[in-house]
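As they're listed, the protein sequences go chains A and B.
Per my numbering: the first sequence = residues 1 to 512.
Per my numbering: the second sequence = residues 1 to 485.
Since the hints were made in silico from the structure, they are not lab data.
Check each hint, because a few of them may be wrong.
[Claimed, not checked] Derived, one-sided and incomplete: chain A residues facing chain B with beta-carbon distance under 10 Å:
1) ALA56
2) TYR103
3) THR153
Heads up, the beta-carbon is just placed ideally off N, CA and C, and yes, glycines get one too.
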Amino acid sequence: MTSQSSALSPQPSRAWQPVIGLEIHAQLNAASKLFSGASTAYGAEPNTHASVVDVALPGTLPVPNIAALHKAIRFGLAVGGRIARQSVFARKNYFYPDLPKGYQISQYELPVVSDGRLAVRLDDGRTIEVEIQRAHLEEDAGKSVHDAFHAATGVDLNRAGTPLLEIVSAPVLYSPAEAVAYMRTVHTLVRWLDICDGNMQEGSFRCDANVSVRRVGETKLGTRAEIKNVNSFRFVEKAIEYEIERQIRALENGEAIVQETRLYDATHHRTRSMRGKEDADDYRYFPDPDLPPLTVTAADIDAIRVTMPELPAARRARYESALGLPEADAAQLCSDRATTDYFEAVLAALTAPDAARVSGPSAMDGRAANAKLAANWVLGELAAALNEAAAHIEAARVSATQLAQLLARIGDGTISGKIAKDVFAAMWAGPGDADTIIAARGLRQISDSGALVAAIDAILAEFPKQLADYRAGNGKLLQFFVGQAMKRTKGQANPQQLNALLREKLGLRAEG
Amino acid sequence: MKNLSIAQLAQSLRARQTSALELARGALAAARNKATLNAIITLDEAATVAAAERADRTLARGDAPPLCGVPLLHKDIFCTRGTRTTCGSRMLEDFVPPYDATVVERLAGAGAGAVAIGKANMDEFAMGSSNENSFFGRVRNPWDPARVPGGSSGGSAAAVAAGIVPFATGTDTGGSIRQPAAFCGITGLKPTYGRVSRWGMVAFASSLDCAGVLARRAEDCAHVLGAIAGFDARDATSMDRPVDDYVAALSTSLKGIRIGVAREYFGTGVDAGVDTAVRAALRDLEALGATLVDLSLAHAHLAIPAYYVIAPAEASSNLARYDGVRYGHRCRDPQSLEDLYTRSRTEGFGAEVKRRILVGTYALSAGYFDAYYLRAQRVRRLIADDYAAAFAAVDLIAGPTAPSIAFKLGEKTDDPLAMYAADVNTVAVNLAGLPAISIPAGFSEGMPVGLQLIAPAFAESALLSAAHQFQQHTDWHLKTPGNSP
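Please model the entire structure based on the sequences and the hints provided.
Have a look at this one:
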């Protein structure tokens with residue numbers, strides 16, 4: 001902690017209300033660039049994914065990538081936004097070495113998406129509705145490379161022209177936590193829609209935060225500062241927290257806030273001024289004369305609409321209402337497209353006509369029981385294994401089909417839940433599916449009363465003192481005998497059956 | 001072979017009376033003989049010979065397209081793979097493109113088989129009406145070396161007029177094909193915006209730039225347009241619609257064709273000699289069966305101010321890429337990024353280019369955008385509407401291409417506004433995106449005068465056939481320097 005940040009009070013003063021708007025840049029996962037056929041793959045040798053268009057050779061012209069447009073429309077439909085029948089590309093003019101044309105092609109007056117809304121669940125259980133003012137297509141710039149040459153800066157144009165969707169929220173977020181929750185919801189959504197890989201380390205998903213504060217009760221917005229290019233959730237939260245504190249402190253000291261662009265310093269968790277409004281570029285936006293307006297027909301939109309997946313909020317609601325999952329489970333499963341897809345696949349395999357069912361009085365209850373079992377395993381054992389392996393669910397070493405088979409064996413009584421964890425670990429560690437491992441290791445649950453009675457007789461003979469104590473009235477010893485019998489059967493005894501037989505042997509009535 | 005039509009050359013080539021190689025060598029020799037015109041920036045002898053030999057092989061197979069083996073010059077604004085493309089600027093003095101412009105590709109070996117002998121001089125970045133703005137020196141008019149050839153396609157016009165090549169490519173943003181064609185006594189065709197791909201054509205003002213052709217005859221232009229026109233997926237503004245058979249359409253008679261005579265094109269700025277020649281040409285058209293209809297284009301007087309806002313605005317952005325970072329002129333020992341930008345651009349651009357970048361930057365700036373750029377766009381719409389209304393009543397619109405004959409070298413270089421005013425009859429056509437042609441229509445003071453015909457969008461066939469019919473009955477286009485009346 002620096003002296004500067006430690007001088008700040010940990011909580012914003014009650015007299016002030018922070019107001020935050022985010023501009024999120026999501027790199028669209030189109031195979032080629034927004035205006036050229038060059039690849040958008042990350043990590044190639046510098047300037048190997050730069051075509052004559054990306055290098056801005058004289059006489060080259062941009063041609064819009066319709067796949068990128070369709071991805072933008074998917075986002076627009078997901079947030080219930082207005083899809084412009086005609087959107088216009090505009091030039092944003094400024095000089096910078098990583099901007100080959102001397103202008104960035106963006107959208108200004110007529111963005112492809114406007115007036116969307118996104119419901120955001122906060123950690124405290126509240127849900128806020130965030131207005132998305134616009135989402136527009138634009139091309140990314142290249143990168144300046146400062147460490148490759150002595151006393152000179154290199155330019156890598158591989159990223160130049162990569163399609164971005166800039167998603168602009170209204171200034172309706174009132175705390176760092178709300179801002180981060182909104183950013184996470186957008187992050188989930190763009191990956192859910194398969195329009196952005198969401199990789200924040202590679203810069204595929206990053207954001208600028210506009211932050212201002214005002215007196216509680218004031219309706220006019222305060223002067224804002226824009227924090228540029230923050231690429232992690234934690235940093236966004238920290239940067240906004242710092243910025244709010246800085247502004248409140250300044251205002252309380254009677255200073256005015258200057259409209260400016262600030263950079264976040266992740267090492268010291270503070271923001272510093274990059275340039276003030278007086279240095280701000282005049283971008284001289286005007287419609288790009290190389291690009292006719294992008295026309296989208298109602299049929300185009302309908303064609304995209306039918307390919308839309310069930311959205312996170314709808315799926316979460318369905319998990320709660322139709323599958324009866326607890327709210328927390330539903331939310332966790334739907335935090336990520338890959339996780340919910342995995343869960344859906346487990347559930348589908350479990351409830352397939354030929355799959356063994358978890359018994360229940362009705363099909364509805366059966367489905368709910370299956371769902372709860374699958375949810376417990378996906379969020380429990382599987383999540384833990386993934387966590388330990390630091391792997392994402394797409395790299396899970398137990399497939400959804402394999403897990404479904406395992407759960408079916410719990411359901412049909414072949415193995416107990418406890419044994420199932422061992423089978424899961426074996427599947428994770430090596431080859432073989434549940435049935436093979438159960439058979440090979442002889443893990444099949446013992447439901448044969450003869451074998452169980454023999455085991456019970458043996459342990460009662462082995463522990464005469466305990467038996468005498470039990471008979472003298474120490475009822476707690478029942479569990480001791482269950483444990484010993486389990487141990488003797490290597491955990492394979494069917495627990496319900498073992499319990500019943502033991503009670504019978506000890507002269508007790510079966511429960512219930 | 002001098003001054004034969006493309007059709008006549010094609011016939012001679014097929015009759016083995018000449019070869020592509022002989023035509024190419026002849027063109028190279030003529031280019032050297034006429035070096036004082038300074039019409040050419042780069043001659044590429046080795047590539048010319050190779051292309052001619054290839055054309056001869058194609059001709060020998062017997063299935064060659066009409067332009068096969070015919071020599072030409074490309075305006076140095078078209079990118080040519082392996083041959084430097086300067087755009088008349090120090091900025092691109094050493095720039096060798098790794099790709100061909102669509103126009104170049106379609107005319108070359110794999111396409112029409114024409115033989116490009118080199119690159120024609122031009123005003124820097126096509127900004128100019130006199131070809132006095134080239135880093136490679138001014139071009140002289142073959143009819144009078146003390147006069148300008150017009151611009152910006154001045155090198156192309158001078159080379160065709162001097163008989164170096166039967167045709168040349170050009171570009172027209174505000175008259176840059178038609179005005180030099182008029183000044184040099186040849187035919188110049190500016191097609192509809194979107195008819196010919198702009199891919200590989202160095203941009204000046206993207207919404208106005210058009211590739212076209214300069215040749216002796218309308219018939220020659222028809223052959224060339226047929227080869228270069230058509231949709232190109234690499235240019236989002238190129239139009240995906242069928243290309244007419246322009247050569248077949250040439251025989252269409254002028255009978256019943258209604259030609260609008262726009263009052264505004266005969267205003268006070270038009271020289272008496274030009275007025276006389278153009279009115280005589282109109283009477284010839286009438287004699288051939290056309291009907292002359294008086295008409296007015298109410299917003300014509302706003303074309304120059306609108307053009308000189310829109311074109312520089314687009315240019316200021318289009319020319320931002322010349323920053324000394326990736327290619328083109330780079331100053332020595334830059335001390336900082338700012339220094340690299342400032343000196344590279346200060347040294348690389350000429351005065352007229354700088355003037356237009358400044359004007360355009362100003363017009364797009366916050367606080368001025370509405371008053372200049374947006375207002376100019378509204379005027380542009382009014383001008384296009386005027387033409388649309390006029391074409392409800394007429395098939396073509398006629399007038400002088402330029403208000404004067406070719407002026408003297410240096411005469412207007414100190415007065416940019418006078419220079420801009422000379423574009424008065426051509427720029428409106430670009431603002432409306434229409435096709436137009438300038439054809440030789442007589443002489444004044446021993447210098448050629450051009451008649452401009454304007455047609456509705458994509459009516460190049462009507463334009464070319466009217467010009468061709470006129471040229472079947474007149475011989476102004478066959479006059480060459482040295483045999484003027």
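Evaluated hints:
At its closest, the beta carbon of ALA56 (chain A) sits 4 Å from a beta carbon of chain B; the interface hint therefore holds under the 10 Å criterion. Taking 10 Å as the C-beta contact cut-off toward chain B, the hint placing TYR103 (chain A) at the interface holds, the least distance being around 5 Å. Among the interface hints, the one on THR153 (chain A) holds; its C-beta lies about 8 Å from the nearest C-beta in chain B, closer than the 10 Å criterion.
In summary, the structure agrees with every hint in the numbered list given earlier.
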